[in-house]
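Just so you know, the sequences run in chain order A, B and C.
So the first sequence is numbered by the numbering used here: it starts at 1 and just counts up by one.
So the second sequence is numbered by the numbering used here: it starts at 258 and just counts up by one.
So the third sequence is numbered by the numbering used here: it starts at 524 and just counts up by one.
It is worth saying that the hints were derived from the structure and are not from the lab.
Check the hints yourself; a few may be wrong.
[To be verified] Some but not every residue of chain B turned toward chain A, in silico, with C-beta under 7 Å:
{"#": "1", "residue": "Leu394"}
{"#": "2", "residue": "Trp396"}
{"#": "3", "residue": "Ala399"}
{"#": "4", "residue": "Leu446"}
{"#": "5", "residue": "Pro456"}
[Unchecked claim] Just a sample of chain B residues kept apart from chain A, beta carbon distances all over 10 Å, derived:
{"#": "6", "residue": "Ala265"}
{"#": "7", "residue": "Leu291"}
{"#": "8", "residue": "Gly292"}
{"#": "9", "residue": "Val298"}
{"#": "10", "residue": "Glu299"}
{"#": "11", "residue": "His305"}
{"#": "12", "residue": "Ile310"}
{"#": "13", "residue": "Leu359"}
{"#": "14", "residue": "Ala368"}
{"#": "15", "residue": "Leu375"}
{"#": "16", "residue": "Glu434"}
{"#": "17", "residue": "Val435"}
{"#": "18", "residue": "Pro483"}
{"#": "19", "residue": "Ala495"}
{"#": "20", "residue": "Ala521"}
[As the list claims (entries may be wrong)] To list a few chain B residues with every Cβ distance to chain A over 10 Å, as calculated:
{"#": "21", "residue": "Val303"}
{"#": "22", "residue": "Pro358"}
{"#": "23", "residue": "Trp449"}
{"#": "24", "residue": "Leu454"}
The beta carbon of each residue, even a glycine, is placed where N, CA and C say it ideally should be.
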Amino acid sequence: MRAGFRRYAIYRRATLAGAFTNTVFGVIRVSIFFAAADAAGGSVAGYDRAALSTYTWVGQGLIAVVWLFAWTPVTLRVRSGDVAIDLGRPVHPIAAWLAEDIGRAGQACLIRFIGPLLVGGLLYGLQVPTRWTTVPLFVLSATLAVVVSFGGRILVSLIAFWLVDVRGVLTLYVLTSNVLCGLLVPVHFLPGWAQAFAYATPFPSMLQVPLDMATERYSDAESVGLLAMQVGWVAVLLAVAVRVFDRGTRKLVLQGG
Amino acid sequence: MADTRVYATLLRAGMAGQATYRASFAVELVGTALGMGLDFVEIFAVFHQVPSIAGLSFVEVVLVFAIASTGFATADLLVGQSDAVIRHVRDGTFDVVLLRPLSVLGQLAAADVQLRRLGRVSVSLLLLVVVLVRLDLDWTPARAAMAVLAPIAATVVFGALFVAAGGIAFWVVDATEVTSALTYGSAYLAQWPTGVLTPVLARFFTFVIPAAFTAYLPALALLGKPDPTGLPEWLPWASPLAAVAAAVAAGLVWRSGVRHYVGAGG
Amino acid sequence: MSEPGSTQNEQEMIVEIEDLSRHFVVRRSVGRLRREKRVVRAVDGISFTVGKGECVGYIGANGAGKSTTIKMLTGILVPTSGRVRVCGLEPVRQRRELARRIGVVFGQRSQLWWDLPLAESFRLLAAIHRLPAERAAARLERCVELLDIGPFLDTPVRQLSLGQRMRGEVTAALLHSPELLLLDEPTVGLDIVSKEALRAFLAAERAETGTTILLTTHDLPDIERLSDRVVVVDGGQVVHTGTLSGLAAEAGVDRVLTVELTAPAEPLGDVPGTRLLSVEAGGLRQHLAVTGSAAAAVAAVSARTELRDLTIAEPDIEDVVARLYRRAAAARSSTVD
């Protein structure tokens, strides 16, 4: 985990630049939401201006932490055959990669999460939590979100065992996740059937759920229920990932990869 | 001009490199078209909740979106890689460009043309036509001219942003992420009415980085609607002029960048 | 440069360099806060000319300023001070026009299109230089014949060996029949056969078309084969210009005339045009340094005594240049400090 933490610390300048990008996009997005709120008479889909601002800025901050972009390190290792080295280690590769990803996420918290949140918060105002449970729930949910996201990314990466060019699948995955996780607009903006479809996927658990914690959309009881859903997705995705990985490495070993 | 034929030949050489991987090229083509769908979903979802944004209806905002998308995708196709200058400088392949009796920008554009952008270009154009028909506008000769000019002017403005970013890259090597943020951010903003921003920001994105002139203002001209932030009535019709001004400014930034490279020893 | 009545005035100057300098400012972080500034004088006031049809060798150690000079000649780099004209044009300001009139070959960098077949590069360059099809074809055929590049015309450039690629680069540089050909370390890393082929081709090309050539190299046999003159540069300054043999004289390295006499004789200490170095076998074999023309020295010695046999040993060029570098370094350190 420490290795992942340190490696990403080196890219400090890139991190600042990334935070700047998130901030620019955040400004535009929150402006659109505000305009929508004005047009709807003050609140949209259960979000008032403060909630929308919080949603946008916590969201922009979480993007880099949860990593909703393309993610290729594992794909490259499978393609190059370096994954064989990972197999030789005492820890299961998936556990090792997960630990590394959590390290990366932790490092991202420093600049890429706090940066946009501070700037956006100062410029547009944030919703102040009214319950003491909000922050712990949020932190818990965000951590689970990182793992859920990891699960999804790992599964896509492992396709590299069977498919030479994963780029198309990866692009499709990023596009779909961006829509269904609540990055572009809150999932609650979407038509009913689309919302139902979204919640049948792990994607809302990557962003929408922690954001709902931050905006205090649900009661404490409901929030715990959402946490349970996230835990469920973590279990399912990781279990499937391990199975897929074992089959993939078996194929690799048989073919003399 | 004999030179245009030379650039065309260079273009074909650049494309030859890209089209060799047919299958993945097809995938990229579809990918960029789908990426456009992402932005469209955002508009759709917002309008699922509210009837208008900054005074414009859903179809009217889609008009803005279509013009912006066409312009951006075409500019990306042509000069989208001008900030890849840095890559060339690092690889040591930039000097070769200076040794040929051709313009630097022309060579880079021809060599790095992004054919896969054609996916988004064609879908955007299609959308633009559909929306224009659907809107049933009050067509005058001036509006017809604007309808044709608008996507071209949008392409010029976005192209100017890319070229300016490339020019800046010669001066400050690590500025690429910042300039990208502003370029792609402007593209994102251009798809929406500029009126959503606060007045200060709106003026910035109209007169400093002319994002408003790419799509929103031409759309206002086509729709015959006034600007809610109080800009003069004739301003939307000046969009093509703004595009020209942006191109000239970008050209100056680019040339100063190349001059800096030559002066500093690369 | 403009002495009345000098033959150089009548000859057209293809390259004119006058007091040319190029400085680089290097900043280094010392400790946490301070930045140390250092001025590197890559080229420090050099002047020379190359006349039309000449072939000049530009020699120097690594870091002496050779490549920097070439960059300033081609317009890739702006001089810090001084004057440079190539084909009568200012390289930086008139870059594109100049590019039509010169051909450049870089040893380290390629001007060919990496992913495309070699022939395609030639086709593109012909289009870029607006060459009529027949002229391009004629030039290409000549180079194919003399450099034997036919077998790999359809191979992508990235798959070519260094020797093959260099032959391709030279063809590409000469395709548009430039007035001036600049070569920056063209034989670096090549095998003997390729080097010879390249040298022979350049010599033939020069003989046939009168192209002016400026060639930087480490490889002194290149100079021997091709150049009329050499310019030696060290530490950004010119330390010698002139002919190769003049170089030997300047460096203080002698050509040695070894004479075998029919009968032992007195040491030949005062033969005009020579200097006695040593005597062997009681005067049967004597070594004389030749200070003037070798032919005159031989004539003078045979006028004095009967020769059975003689040999003339040319100095090792490497030694000559090394001596010159050391001399120049000594001169610099004694004047600068």
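Against the structure, the hints come out as follows:
1. The restraint placing Leu394 of chain B at the interface with chain A is violated, with a minimum CB-CB distance near 23 Å, outside the 7 Å limit.
2. Nearest Cβ of chain A to the Cβ of Trp396 of chain B: about 29 Å, over the 7 Å cut. The hint is violated.
3. Because the smallest distance between the Cβ of Ala399 of chain B and any Cβ of chain A comes to about 29 Å, over 7 Å, the interface hint for this residue is violated.
4. A distance limit of 7 Å between C-beta atoms decides the matter here; for Leu446 of chain B the minimum to chain A is near 5 Å, and the interface restraint holds.
5. Against a cut-off of 7 Å between C-beta atoms, the interface hint on Pro456 of chain B is violated, since the closest Cβ of chain A lies about 12 Å away.
6. Once the 10 Å rule is applied to beta carbons, Ala265 of chain B is consistent with being away from chain A; the minimum gap is 30 Å.
7. A beta-carbon of chain A is positioned within 10 Å of the beta-carbon of Leu291 of chain B; the least distance is around 6 Å.
8. Its closest Cβ contact with chain A, about 6 Å, brings Gly292 of chain B to no more than 10 Å, contrary to its assignment away from the interface.
9. Distance check for Val298 of chain B against chain A: the nearest CB is about 5 Å away, which does not clear 10 Å, and the non-interface claim fails.
10. Chain A draws Glu299 of chain B into its interface by the beta-carbon criterion, the shortest separation being 4 Å against a cut-off of 10 Å.
11. With a cut of 10 Å on Cβ distances, His305 of chain B falls inside the contact zone with chain A, its closest approach being about 6 Å.
12. Consistency note on Ile310 of chain B: stated as away from chain A, yet its beta-carbon is not over 10 Å from all of that chain's, at 5 Å minimum.
13. For Leu359 of chain B, the shortest C-beta to C-beta distance to chain A comes to about 33 Å, beyond the 10 Å cut-off, and the non-interface label holds.
14. No Cβ of chain A approaches the Cβ of Ala368 of chain B within 10 Å, the least distance being about 22 Å, so the stated non-interface status holds.
15. The Cβ of Leu375 of chain B lies farther than 10 Å from every Cβ of chain A, with a closest approach of about 16 Å, so its non-interface assignment holds.
16. The Cβ of Glu434 of chain B sits about 3 Å from the closest Cβ of chain A, inside the 10 Å cut-off, so the non-interface label is violated.
17. Residue placement check: Val435 of chain B does not keep its beta carbon more than 10 Å from all beta carbons of chain A (closest about 6 Å).
18. Pro483 of chain B, annotated as away from the interface, keeps every beta carbon of chain A farther than 10 Å; the closest lies near 17 Å.
19. With a cut of 10 Å on Cβ distances, Ala495 of chain B stays outside the contact zone with chain A, its closest approach being about 24 Å.
20. Here Ala521 of chain B stays apart from chain A, with its beta-carbon at least about 21 Å from theirs, past the 10 Å limit.
21. Non-interface call for Val303 of chain B relative to chain A: violated, since the shortest CB-CB distance, roughly 5 Å, does not exceed 10 Å.
22. For Pro358 of chain B, the shortest C-beta to C-beta distance to chain A comes to about 37 Å, beyond the 10 Å cut-off, and the non-interface label holds.
23. The claim that Trp449 of chain B is not at the interface with chain A is violated, since a C-beta of that chain comes within 10 Å of its own (minimum 6 Å).
24. The Cβ of Leu454 of chain B does not lie farther than 10 Å from every Cβ of chain A; its closest approach is about 5 Å, which violates its non-interface assignment.
The structure fails to meet hints 1, 2, 3, 5, 7, 8, 9, 10, 11, 12, 16, 17, 21, 23 and 24 from the earlier list, while all remaining hints are met.
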